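Positions 0 to 105 (numbering that gives the first Met the number 0) are the ones given, in order, by the sequence shown.
Hints in this document: simulated from the structure, not taken from any laboratory.
Computed from a prediction, not measured in an experiment: that's the story for all the values here.
For each residue, glycine too, the CB sits at the ideal point set by N, CA and C.
Careful, some of the hints might be misleading.
Label-pair ranges, simulated between beta-carbon atoms [stated by the list, open to error]:
| hint | residue 1 | residue 2 | range |
| --- | --- | --- | --- |
| 1 | Lys45 | Asp105 | 43 to 51 Å |
| 2 | Thr69 | Lys45 | 37 to 45 Å |
| 3 | Phe5 | Asp94 | 24 to 32 Å |
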Amino acid sequence: MAEYGFGNPEVIEEELDILIIGGGMAACGAAFEVGQWAKASGKDLKIKLVDKAALSRSGAVAQGLSAINTYIGDNDPADYVRYVRNDLMGIIRGDLVYDVGRHVDD
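With the hints as constraints, model all of the structure from the sequences given.
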């Protein structure tokens, strides 16, 4: 396994009322709902959502639209790999995407 030199990351301490960890659909929904409930009740809460990656490509449903829009038909699974690579700005495992493409129409 490759070793990454993260060195000494900056530590930031903050006072929060609610900390939501994870940027998936459930966490984003929870952050939205908590914000609405706090606003409706007149409470001024400090809410923060943190995730390991950019929200647009983190979590189990980050490729949701790619999966929904997938239909190979007469195309080759390699076409699907190109589509997903372009859609996700090159950050994919081509071997896994190809394997999904081989079976998506089954």
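CB-CB spacing for Asp94 and Phe5 relative to the 24 to 32 Å hint: With a Cβ separation near 27 Å, Phe5 and Asp94 satisfy 24 to 32 Å, so the hint holds.
Range hint compliance [Cβ, Thr69 to Lys45, 37 to 45 Å]: holds (40 Å)
Consistency of beta-carbon spacing, Asp105 to Lys45, with hint 43 to 51 Å: For Lys45 and Asp105 the Cβ distance comes to about 48 Å; the hint holds.
In terms of the numbered hints stated before, the structure departs from none.
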